[in-house]
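So the sequences go chain by chain: B and E. With my numbering, letter number 11 in the first sequence gets 11, and the count goes up by one each step, no holes. With my numbering, letter number 119 in the second sequence gets 359, and the count goes up by one each step, no holes.
Nothing false has been slipped in among the hints.
Capping the alpha-carbon separation at 27 Å, the derived lysine-lysine pairs in DSS-like fashion look like this: (1) B:55 to B:70; (2) B:194 to B:41; (3) B:70 to E:483; (4) B:90 to E:483.
Since the hints were derived computationally from the structure, they do not count as laboratory data.
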Amino acid sequence: MSDEHIVSSFDEDMSRLRDLFLEMGRIVSSQIQAATRALRKEDRMLAKQVIANDKQLNRLESELNDLAIKILALRQPFAGDLRQVVATLKSAGHFERMGDLVRNSAQRTNTITKAEAETGSIETLVQMSETVQVMTNSILTAYERSDSEMAEEVRMQDETVDRLHNSLFREMLTYMMEDPRNISGCMHVMFMAKNIERMGDTVADIAKELIYMATGEWPEGSRTKKDKTSRIVIEPEADA
Amino acid sequence: MNTDAPVSDSGAKPIMTARNVDVFYGKKQAIDNVSLDIPENQITALIGPSGCGKSTFLRCFNRMNDTIQICRVKGDIKFAGQDIYDPKVDVVALRSRIGMVFQKANPFPKSIFDNVAYGPRIHSLSESKDHLEDIVITSLKRAGLYDEVSDRLDEPGTSLSGGQQQRLCIARAIAVDPQIILMDEPCSALDPIATAIIEELMDSMKEKYTIVIVTHSMQQAARVSQQTAFFHLGELVESGDTKQIFTNPEKERTQNYISGRIG
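Please model the entire structure based on the sequences and the hints provided.
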């Protein structure tokens with residue numbers, strides 16, 4: 001597509017829309033990074049900062065929503081522009097949701113750190129978190145380049161997060177069965193893991209939007225979901 | 241461009257087919273090798289920048305270009321399987337089958353009734369005065385105008401508002417029971433309400449008629465048509481399902497035009 005629109009203010013609106021979206025994505029990424037660090041370092045100050053920073057995302061999303069609606073109502077975009085506005089609008093909602101999940105994880109970090117609750121190893125959780133952060137960074141690059149292949153790769157990366165989640169789920173169940181005093185901390189870790197697993201799914205959903213944005217076609221076939229935790233049962237006897 | 245296969249892929253039966261159509265004004269070529277199917281009982285929108293040839297192409301369908309001396313049409317245009325440029329074709333009869341509504345409403349300086357009765361009278365379509373009255377009333381009803389003018393059918397057509405005059409012209413076109421109605425920017429002089437009334441009317445008319453509309457309003461093409469054909473510099477760049485054209489066109493030229501990047 002030619003780069004320049006005949007109406008320059010249209011280009012300005014579209015450019016602002018893209019900037020807002022990328023800014024949201026970068027904040028999500030740095031929030032994930034900070035939340036992971038707070039968890040690893042048991043840093044309650046940092047966790048509180050993550051909780052406070054979420055407001056920024058909500059504000060940006062609200063600005064992006066207003067702008068997207070203004071573009072749809074006043075500019076009535078078609079074709080590639082239409083797809084970009086719609087995909088951006090929907091994906092911004094996904095970023096906002098990711099922000100909420102990071103905030104919830106940070107709250108839990110704060111709680112378990114304060115209570116000095118026993119959680120066992122958090123290595124798998126950190127790994128999940130780092131994977132989602134990499135996915136988020138890649139999706140931002142894919143958006144900037146309108147690169148559907150890169151988006152497809154991100155979509156597939158979610159499998160790694162699902163597998164880690166399955167393994168963490170087993171770890172935590174076993175750890176809880178070993179000593180009921182571990183339950184409180186482990187439950188928080190499991191909820192954090194669920195948050196991160198949901199974030200992985202959400203980035204994969206953004207990837208789907210970006211594929212439509214770039215190609216005009218929705219990706220064929222459904223993504224393989226590797227999260228099996230809803231079907232896992234571990235009997236105490238079997239483990240004893 | 242493929243010379244044999246229909247360009248339209250709407251799946252509906254074509255009532256009109258154009259193959260390898262060239263149009264010249266003197267030496268200047270206005271249409272270059274255009275092939276397009278017009279599906280029956282659908283609305284086909286022709287879009288493109290000014291001077292792209294869309295109106296010229298529309299006017300080929302009922303041989304309105306015959307009225308321009310320097311205009312030559314080459315290629316094959318068939319209506320219900322018959323070559324409309326065959327020398328044996330009665331052009332007046334053809335235009336009663338393929339009516340036309342223009343950009344500017346052009347009622348005759350006659351009463352509302354006589355405007356609509358004009359066609360049936362010259363084509364001797366009515367058997368009696370009552371029958372003629374029936375035709376006029378039915379046509380006005382089909383054009384969505386009857387309720388607004390039923391008590392003043394003897395008043396001049398020119399006394400109506402712009403939107404009503406345009407609907408009077410639609411009533412006049414359908415009074416001779418055409419199969420196709422060609423519309424050349426029928427709403428460009430109308431306000432949004434009058435435009436919406438005509439668009440609503442077109443939607444209901446497509447059950448009985450096939451409509452081909454030239455419009456400069458991309459939004460109008462998107463709203464009313466099932467098939468869209470994009471013309472640029474005398475060529476048919478792309479045609480197909482309207483939703484597809486406006487969300488994911490195949491050709492970059494279409495993408496650029498509909499998103500405001502070429503004028």
